[in-house]
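Whenever a hint applies, use it, and build me the whole structure from the sequences.
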Amino acid sequence: MLAAEATAEVHASSGWFLEHAWVIPIIPAVAFALIIFFGKKMPMKGSEFGVASMLASLVLAVGAAWQWIQRVDGVAGAAHSAAEEGAHHAAPFVGPIIREWTWWQSGGFEFGIGQHIDGLALTLLVVVAFISSLVQIYSLEYLRGDRRYTHFFAALTLFSAGMLCMVLAPNMVQLILGWEIMGLCSFMLIGHWWEEEANSRAALKAFFTVRVGDMGLLIGTGILFFSANSWTQEHLGVSGFNISGLSAWAMSGAASQSALTWGAVALFVACIGKSGQFPLHTWLPDAMAGPTPVSSLLHSSTMVVAGVFLVGRLYPVFWEGMKIGDTNINFIVLIGGITIVIAALLAFVQHDIKKVLAYSTVSQLGYMMLGLGAGAWLPAIFHIFTHAFFKACLFLAAGSVSHSGSHHSFDMKKDMGGLAKKMPVTATTWIISTLALAGVFPLAGFFSKDEIIDNVGHNGYNAFMIVGLSGAFLTAAYMTRATYLTFFGEARGAAAGEHHDEHAAHDAHTDHGVHDAHVGHDTHAAHDDHDAHAAHGDHGPHESPKLITVPLMILAALALVAGLANATPFGSNWERFKKYVEPSSEYVVAESAVASGPGESIVLPAAEEGEKKEGCAVVAPEEGKVCYFPTVSHAKFKWSKAALSLVIVAFGLISSWLFCVQYYTRRNRRLVGLTERNVVLRGGYKVLWNKYYLDALYEKVIVRAVAYPISRAAYWFNQNVLDGIVNAAGKISRRVAGWVYRNIDQRVVDGAVNGSGAAARGTGGALRPVQSGKVNQYGALLFAAAAIGALILVIINT
Amino acid sequence: MLTAQFLLLGAVLFCIGVYGVLARKNAVMVLMSIELILNSVNLNLLAFSVRHGSVDGNTFALYIIAIAAAEVGVGLAMVLLIYRNRRTIALDDLSEMKG
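Taken in order, these protein sequences are the chains called A and B. Heads up, the working numbering is the position in the first sequence plus 261, with the first residue counted as 1. Heads up, the working numbering is the position in the second sequence plus 104, with the first residue counted as 1.
Hints should not be assumed to be uniformly reliable.
Where chain B lies over chain A, by a calculated footprint (3+ residues, C-beta under 8 Å) [as the list claims (entries may be wrong)]:
1. 462–468
2. 1038–1047
DEER-style ranges, computed between Cβ atoms [said to hold, decoys possible]:
3. Q366/A <-> L184/B: 28 to 36 Å
4. I168/B <-> G1016/A: 29 to 37 Å
5. L185/B <-> Y1039/A: 18 to 26 Å
Just some of the chain B residues that point at chain A, by a computed CB distance under 10 Å [to be verified]:
6. V125
7. L180
8. L195
9. D196
10. S199
Because the hints were derived from the structure by calculation, they are not lab data. All C-beta atoms in this analysis are idealised placements derived from N, C-alpha and C, irrespective of residue type, glycine included.
What follows is the structure, encoded as structure tokens:
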């Protein structure tokens, strides 16, 4: 335990941006209203409101993040100087900036609204505002001339408002508000092109599947509120909805274990639905029916991480409820692990480029859950941060391909291939992001994903470390397949410039080699041939305009360098994310944290003797103190461990590449019977090829004999069993609805409506003679009424 | 006391006005009667104002005069339009109701 007396007081700085972070979601909310009411009359059909509001939010979010860094630096600097006087070494507690106003009151309960700004909230605020801005700019071009252009921007802006509102929620009520706004916008945007039935079906499926999970959110919030309310009121003076209050309650040791467990399980069910975890992940790939910017913003980088965010936000509740610190298997880890593998296997059998990315997203969300469930809080949150950039980039690149390369098709096998030459910017950004996603060394994904895997093993979840590693292999492999099919190999269908005759033979250029340069050359020649004798040559694949490529380049640049924000391998000075985002697991004096105002004082705990063994989550805080975050341990980075995962990733990339070259080109060669072509390979490539020949064979056997049936079976299970359950629920609800229609709607409701109509008609008939149209008669009635009124007044007053 | 006489005059004017509104068939006459009613009320207000020695009643009466001017303007305009369309301003002929 700590020594009793405090040694130092630090003035924690605040600032305008931190104090007014609640403005950030208000800006897009106002912009939404402006777009809805005035959008159609504006010169840019309302999109200018959306883009401007997102840029404004971004500026505010960055300003707040900057001031937060000042704040943490100030406290840390003082703690450091105190440490030189022999005080203590752990990171001091930097209070979040919490402001709350009463939203409404009901039955003695007070529901607040406001802000809870700390490192986690700011990370998400900046990411959401940033990606939203880029996606809106991208959409200006991508959706130009769309039927419902204005409504698209309205929904996109409202979505951002909802997400920002959720991210800075100080209590569960505001969190649910933002969560549901996002659900609604997701529905509207997936079904944006609702004229096609498949799209509106996908929108409904997404909405209902997520709703199933949302029941858990309400139930979990209810359980936690009723269990925690009296404790939080007594100790912190806040309601049981308050996130700080719930965190402190969960760590206090006074909480009932069953309430914590069931509350955490119920909340996690909501996260399963929102974050596309097994078994409720089926909606996410279908959600790709929406426009690509939507997939990029909602269904990869921001909205679907809401579930992960919820777990990260209420981490003490999950930590205690799931016993994360004490076990080596729990609900969260299990679901995360299953999701990683199942989704990654499914990604192998997809023809649609966006579905590959969708399953990839599901799989990466599985990583985040795995990390959170295994106590790797920081790597998981950091993975949200890095994943947002490269996954948004991948989706936008896929959109760019369909926009300018494949004539609005997303089918990799039919309409893509060989696009690297024609769309160099798109291809480069895609490849950078693919490598980042796979976790290749200096790129963003490496620093987050490898940390998750490492920490999962470090915290004793050894079986799941292996799951994580195999997931890394699969990720590298399926992304290579998608890259090959889209950007390399021979051009097919629309990518070759064909729009009308899908099955035209490629007689002139069937002799493709496996060597990429060779393939590229052939394709190029084929394209020239095509242009020479095709009237619609200018409709062929070309690079996208600037409004599309510039966001791509920005995101790809971030996919390159974002990982350096927490580059563990380079030493603790590079762990900036850890310093500024991870909450401190210090014991805090009970009232100092929640009632924080501008520039409040933070009491630094006194020095301790020797190594600190116990901490929050290990030993319950003493009377008058609270904990806001469990003591998490961080794996020490070792290059030997990283090397293992890097080798696995490299193996995945290379073996998949060789397999793709072998498989997809060979099919082509069989057509003309040039099997020997394999042997005719040039120089270094031949060496490389022979060196990995066994690997390729192994890969072919494994993928053909094992992975394909498994992934097919998984897909079948997905389509038949899981969808069956959803469909059955739909049928039952239709029957119930029919009964309700016949009995309640027709008899009770319509009866009431008809009755009131008849009553109104009778009254009208009785009063009709009064309406004579004679002004004098009206006057007489008026004066008579006034006289009677006066008489009554006189009688009453006497 | 003078107040009583003022009030009496107001009441007489009011009754004349009510009679006019109820009995007259000519729309202009009805409007004039309404003016009488309004002015009888003004008279009451002024009488009480004098009696209590406060200016509230005066102010209020001024407002009523202004509003009455506006009202009679609108009323006369309507009468004029009715006359143009129908060549009559007899109120009994204006009704198109069936009841």
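We went through each hint and held it up to the structure:
Residues of the segment 462–468 of chain A lying with their CB closer than 8 Å to a CB of chain B number 0, which falls below the three-residue condition for coverage. With a cut-off of 8 Å between beta carbons, the segment 1038–1047 of chain A has 3 residues touching chain B; three or more are needed, and the interface restraint holds. A beta carbon spacing of about 58 Å between Q366/A and L184/B contradicts the range 28 to 36 Å that was offered as a hint. Between I168/B and G1016/A, the C-beta spacing of about 46 Å breaks the proposed range 29 to 37 Å.
Checking the proposed 18 to 26 Å range against L185/B and Y1039/A shows it holds: the Cβ atoms sit about 20 Å from each other. A distance limit of 10 Å between C-beta atoms decides the matter here; for V125/B the minimum to chain A is near 5 Å, and the interface restraint holds. Below 10 Å, beta-carbon pairs count as interface contacts, and L180/B has none with chain A, the closest being about 15 Å; its hint is therefore violated. Interface restraint check for L195/B: the shortest CB-CB distance to chain A comes to about 5 Å, inside 10 Å, so the restraint holds.
About 7 Å separates the beta-carbon of D196/B from the nearest beta-carbon of chain A, less than 10 Å, and the hint is met. Satisfaction of the interface hint for S199/B is found here, the shortest Cβ-Cβ separation to chain A being roughly 3 Å, below the 10 Å cut-off.
In summary, the structure is inconsistent with hints 1, 3, 4, 7 from the numbered list given earlier, while agreeing with the others.
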